[in-house]
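Undergrad: Sequence:
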Amino acid sequence: ANTAPAVEATPVTVTQAPSPSQRVAQSSRRRASKPVARTVTMEKALEPKVVDGAAAEAAATGPEPQEPEKRDLSPTMKKARKTKLQATSQSIATWVNKMSSTRNIGVRSLHEWKRRNQVESPRKVFVVLGGYPDFARAMERRGWLRNRDPESPFFDLKWTLQARDIDHSRLKDDQVTNHFQKNREITTKVGLGNNLKTCKWITDHDMDEFFPRCFDLSDPLERHDFVEDFKMTKAQAVLRLFLKHLE
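In the numbering used here, the protein residues as written are 73 to 319.
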């Protein structure tokens, strides 16, 4: 009988998958081995480098400061800057005056104010408010002393831009200002016109005899009179032009 050849058995190796604890241990070992490479790399990076003297000095002192770029300002910007500087100077001067005005507490006369501020008695004092630098310099050249407190009542002359900056009720007989009390009655168009309209009630003269017609347009009645007067004047002009063509 034929017998089959014997087959040699091949050994089989079975690999078991790592457990979770084994995977964690392997990962820890890999992380622990990495700092060695980083340490070597850092040591190489920290090795001293040879550089020339100029480069070392530039690195120590830093970049040289650059000059700011100069640009030409327009006339409008120059004027705005000048106005801002003047306003700042005025604010500083006002603050200084208020701080120094404490020594004038209790002063009741100009003579006493001069004595406390060490000013010669014959010297004149003036106050200027609202600008007027040329006026102030002209007065100082003439020997006048400027009182920089705008609210001070101690002066021989007070020059202001606004009439409301002068308290006429506190003026002394020898004090001079550049504004009359209630001067709007004759220095404004409305004030002058309203006062001239009362001439016929006080005198025998009518305003229309010597002064051009004027109207206060803020008054509804006078605004209506202006419209009617305009219509009448236009009608007279058309009539004159018609009569001129007839001739």
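Honestly, the hints are just simulated from the structure, not real lab data.
Do not take every clue at face value.
To be verified - Subject to a maximum C-alpha distance of 25 Å in a straight line, what follows is the list of computed SDA-like cross-link-like pairs (lysine to any residue):
| # | residue 1 | residue 2 |
| --- | --- | --- |
| 1 | 269 | 238 |
| 2 | 261 | 271 |
| 3 | 244 | 276 |
| 4 | 186 | 232 |
| 5 | 254 | 303 |
| 6 | 303 | 244 |
| 7 | 269 | 244 |
| 8 | 261 | 244 |
| 9 | 186 | 238 |
| 10 | 306 | 282 |
| 11 | 196 | 185 |
| 12 | 261 | 283 |
| 13 | 186 | 196 |
| 14 | 196 | 157 |
| 15 | 306 | 276 |
| 16 | 196 | 211 |
| 17 | 254 | 284 |
| 18 | 269 | 306 |
Claimed, not checked - Taking CB as the label site, the calculated pair distances span:
| # | residue 1 | residue 2 | range |
| --- | --- | --- | --- |
| 19 | 161 | 266 | 37 to 47 Å |
| 20 | 293 | 234 | 29 to 39 Å |
| 21 | 276 | 210 | 43 to 53 Å |
Being a predicted model, the structure only gives us computed values, none of them experimental.
Yeah, the Cβ is synthetic: ideal placement off N, Cα and C, and Gly gets one too.
Undergrad: Decide, hint by hint, whether the structure agrees.
TA: Each hint, compared with the structure:
no.: 1; hint: 269 to 238; result: violated (29 Å)
no.: 2; hint: 261 to 271; result: holds (16 Å)
no.: 3; hint: 244 to 276; result: violated (38 Å)
no.: 4; hint: 186 to 232; result: holds (22 Å)
no.: 5; hint: 254 to 303; result: violated (36 Å)
no.: 6; hint: 303 to 244; result: violated (53 Å)
no.: 7; hint: 269 to 244; result: violated (34 Å)
no.: 8; hint: 261 to 244; result: violated (30 Å)
no.: 9; hint: 186 to 238; result: holds (21 Å)
no.: 10; hint: 306 to 282; result: holds (22 Å)
no.: 11; hint: 196 to 185; result: holds (12 Å)
no.: 12; hint: 261 to 283; result: holds (12 Å)
no.: 13; hint: 186 to 196; result: holds (10 Å)
no.: 14; hint: 196 to 157; result: violated (29 Å)
no.: 15; hint: 306 to 276; result: violated (30 Å)
no.: 16; hint: 196 to 211; result: holds (10 Å)
no.: 17; hint: 254 to 284; result: holds (24 Å)
no.: 18; hint: 269 to 306; result: holds (24 Å)
no.: 19; hint: 161 to 266: 37 to 47 Å; result: holds (41 Å)
no.: 20; hint: 293 to 234: 29 to 39 Å; result: holds (31 Å)
no.: 21; hint: 276 to 210: 43 to 53 Å; result: holds (47 Å)
In this structure, the hints that do not hold are numbers 1, 3, 5, 6, 7, 8, 14 and 15, in rising order.
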